[in-house]
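So the sequence lines, in the order shown, correspond to chains A and B. With the working numbering applied, the first sequence covers -10 to 233. With the working numbering applied, the second sequence covers 130 to 618.
No lab work stands behind these hints, which were simulated from the structure alone. Here the structure is a predicted model, which means the values were calculated and not measured. Beta carbons are placed, not taken as given, at the ideal position from N, Cα and C, and that holds for glycine. Possibly wrong hints are sitting among the right ones.
[Said to hold, decoys possible] To be clear about the criterion: a stretch of chain A counts as covered by chain B if any three or more of its residues have a C-beta under 8 Å from a C-beta of chain B, and this derived list gives those stretches:
id	stretch
1	51 to 61
2	74 to 83
[Unchecked claim] Simulated restraints, written as ranges between beta carbons of each label pair:
id	chain 1	residue 1	chain 2	residue 2	range
3	A	R8	B	A600	58 to 66 Å
4	B	A493	A	D168	39 to 47 Å
5	A	G1	B	A493	52 to 60 Å
6	A	F14	B	V151	38 to 46 Å
7	B	W544	A	D168	38 to 46 Å
8	B	T145	A	G26	43 to 51 Å
9	A	R8	B	T145	53 to 61 Å
10	A	T64	B	M479	57 to 65 Å
11	A	V119	B	W544	27 to 35 Å
12	B	V474	A	R123	47 to 55 Å
13	B	S133	A	D168	19 to 27 Å
14	A	H75	B	V474	51 to 59 Å
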Amino acid sequence: MSSRPRTADPGGRPILAARDVRKAFAMGERTLEILHGVDLDLFPGELVALVGASGAGKSTLLHILGLLDRPSAGTVLLDGADVWNHSTVRRAALRNREIGFVFQFYHLLPELSALENVLLPAMIGESRLVFRSRRRVHRTRARELLGRFGMGDRLHHRPSQLSGGERQRVAMARALFNDPAILLADEPTGNLDRATGEKVLDLLFEEQRHRRLSMILVTHDERIARRCGRSIVMEDGQVQAAAR
Amino acid sequence: MFRSFLSLRYLLRRRTNLIGMVGVFVAVAALIMILSIMTGFLRQTRDVLRGSLSDIVILPALPPGHPSRGDPRPILAAVRAHPGARAATAQLVWGGILTQSGSRMDPTADCLADPLRGSLLAVRLVGIDVRSAERLAWPGVAAAILAAGGAPPPPAVQDEFDATALLAALLRAEESGEDSVLHARPRPVPVANALFPFASPPGYRPSGRPLPAVVLGEQLFHYLGLSRNAEIEIVTAVPDPATGEWVPNNRRFVVAGTFRTRDNEIDLSGMYLDRGELADFLGGYRPYTQVVVRLDDYEADGERVEQELLANLTDRGLLGGRQDEVRTWEQFRANLLAAIENERVLMGIMLSLVLVVAGFSIFAILSMMVIEKRRDIGILCALGATPAGVMQTFLMIAFWDGLVGSILGAGAGIWLAVKIDPIERWLSDTLGYQIFDRSVYVFDHIPSVIDPLAVLAIVAGAFLCSLLFAAVPAWRAARLEPLEALRYE
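With the rest of the complex left out, here is chain A (with noise of 0.2 Å):
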């Protein structure tokens, strides 16, 4: 992972990419096509925003981008490797290393303090001997993380006892916990109010070009796409214009 060039290279390999991928839901009687053929690259190092109105299939485009939902037709190629012939496991794995996820809901676990949801993704990709054994080193890292987005106090709070930008602060540092190479992002403003989403946004493109992350960034703001470096519109479940 570490040895893969991160950086902005539109004319190379892209590292994640979608072809022709088409999602259709069935509803009763009808099916439902939400996505009707959608390509798309995301190049090392990159940072997209994903815009279009509500119900043009970003959030579907980005959770079968992110390998939790399988597209019903077309593929994904992490890596130039299709994903969808891997196994279950190979793909959780992924997930685990290779894909940040962050939330419009944020999405913590509500039973966990702030630094055990950040420590989660370790958690789950490591057996308990490796864990154990990383445990502290782990911790610090969880602790820099969550400091370096002002959550250095507040590291033992519930989620019930954050306030919202709060929350999104610790759903990033989950996310990059891992130092995934891809960071997909849906709507991580949404719900915040503008002061506190400023913030927030600040704090994630200084990670992207502090990391160098490949980034995918869902909104319908369009300031906000605007500080991306290029903007994949949808509309109806397709691409519609990719303007750098």
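Keeping the supplied structure of chain A fixed, place chain B upon it in accordance with the hints.
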């Protein structure tokens, strides 16, 4: 790693999960307690019954005129020669009806009219050999033989006290009553000297010739409201040797004291007297009816010795040729023992249903939790958890429920089983209601024996049951479509 961590966190932060643990705890504790009590019941009943019955009973069905019918010594010699037999003695057992002296036949008439009292007053007369005098004289005799230059033979004295637990039953009658108000026992009336039970009781002032002494079962004694030195009259019947017709016969005896075997049947109807005295009462019809044998180790080779004795005695022509002439004590009480064993098994099955109920509560709680935790399951999948990992997380909750519940339950069950007697006493005294009526049973305390294998089996069963009932909700959790939960709030 996250499986055990998350499952523990869910268990501790979601208190409803503890209901499953409590269910397993209660089921395991109840199972262990009840099974220990039933095992104790069975074992103690066996001990009590065995004590009053000896190990093997030989009932020779010899034809009239056979020499061994009138003399137990050939059979005794043959039995004592067997290496597995420790002691053997002859008994003369005969039925009779008891009347209290003074009122002559009236109580007997009553008892014949009243079926409830009738059954009580029919007594089992047991004529036994007590050779304490010889036994006590033996060291002197042995010393004399030794002094005369001879090698003293081993003591040939074998009597009732060697072959049965009568001596213990006589001594037990000296024990005073129970401590609690509810469990008061009547004043004990032991014989003056347990080694000489048929000696004339001290303070007995006969108006004429002294009457022969009898020792009664404690419950019979108290039921009749007798006192020591009371005179009783026994009515019985024997066939006339000449005509073969049954001839009634009666004789008076003096009560020397009581015994307590703790076997209700015997304590309510048994009456011991000297074998010679009883034979005389029966007009010499039979000098003995059975030979009781105590073995060195009944549990180890009782059945084998029984078969060997049967073959041995049959070969020597000392038996009548029927298969049931030599019996083990268990065959006498087979029905009672089988009934208790049945009860024990049934109790186990019924209480296992408590475990099933506990399993269902685990099932219900986990099923609810899987629905409630749909979103968490989605998050875990997004973070890289496999369906198997999700399944194991929920199984682990049941794992902790089962492990902690069954181990604590085993501890509580063992404690309850050990302390059941004081607990019952305390409860009875507090509630003023006797929960365990000791007079109904063979023993004066609630017995309990902890069988480590049974405890292990129960703990393992409870543990597996928890996992089994958790399997379905855990499997459902693994098959959940996590995206549905993640997409909408």
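To see whether the hints hold, each was checked on the structure:
no.	hint	in the structure
1	51 to 61	holds (count 4)
2	74 to 83	holds (count 5)
3	R8(A) <-> A600(B): 58 to 66 Å	violated, 40 Å
4	A493(B) <-> D168(A): 39 to 47 Å	holds, 42 Å
5	G1(A) <-> A493(B): 52 to 60 Å	holds, 55 Å
6	F14(A) <-> V151(B): 38 to 46 Å	holds, 43 Å
7	W544(B) <-> D168(A): 38 to 46 Å	violated, 53 Å
8	T145(B) <-> G26(A): 43 to 51 Å	holds, 48 Å
9	R8(A) <-> T145(B): 53 to 61 Å	violated, 47 Å
10	T64(A) <-> M479(B): 57 to 65 Å	holds, 59 Å
11	V119(A) <-> W544(B): 27 to 35 Å	violated, 41 Å
12	V474(B) <-> R123(A): 47 to 55 Å	holds, 54 Å
13	S133(B) <-> D168(A): 19 to 27 Å	holds, 25 Å
14	H75(A) <-> V474(B): 51 to 59 Å	holds, 54 Å
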